Amino acid sequence: MSFIMNFIDSLGDGWTIYLWLVAGGLIIIASIYGIRWASKNNQFDEDIKYLVFTESDKDKMKPEDYAKSREVLAKQEKERDVFLKAMAEQRNKTV
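The numbering of the sequence shown is numbering that gives the first Met the number 0, which starts it at 0 and goes up by one.
By construction, these hints were calculated from the structure, which means they are not laboratory data. Only a predicted model underlies this, so the values are computations on that prediction, with no experimental measurement involved. Treat the hints loosely; a few may be bogus.
In the DMTMM-like style, the derived pairs of lysine to aspartate or glutamate whose C-alpha atoms are separated by at most 20 Å in a straight line are [to be verified]:
1) Lys61 - Asp46
2) Lys39 - Asp64
3) Lys84 - Asp46
4) Lys74 - Asp56
5) Lys61 - Glu45
6) Lys57 - Asp80
7) Lys59 - Asp44
8) Lys48 - Glu70
With the hints as extra help, turn the sequences into a complete structure.
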């Protein structure tokens with residue numbers, strides 16, 4: 000432990016700015032990676048808001064909004080089926 004303290008004391012004044020620069024760079028890289036991941040995984044899909052509606056909400060919605068919600072739900076279910084089939088195939092390959 001004293002080795003670390005001696006090393007830090009030998010650095011002199013002004014070394015902490017470099018630590019902050021490295022930390023800031025890592026935060027920027029992590030943010031870019033997170034945005035890239037979200038983009039590739041359809042996390043910025045504006046139609047996602049329609050998935051909260053159910054059949055019982057039909058009387059509370061405009062006809063075009065209700066139709067859009069059913070269309071988005073069908074698309075989401077189809078994508079889910081494709082994903083689950085791919086996961087099952089991958090699981091079967093590893094077994």
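Do the hints match the structure? See the list:
1. Lys61 - Asp46: It holds: about 16 Å lies between the C-alpha atoms, which stays within 20 Å.
2. Lys39 - Asp64: Answer violated: Lys39 to Asp64 is near 27 Å, above 20 Å.
3. Lys84 - Asp46: Status violated; Cα separation ~24 Å.
4. Lys74 - Asp56: With Cα atoms ~19 Å apart, Lys74 and Asp56 stay inside 20 Å; holds.
5. Lys61 - Glu45: 18 Å, holds
6. Lys57 - Asp80: Distance of about 25 Å is beyond 20 Å: violated.
7. Lys59 - Asp44: 23 Å, violated
8. Lys48 - Glu70: Holds: Lys48 and Glu70 sit about 12 Å apart, inside 20 Å.
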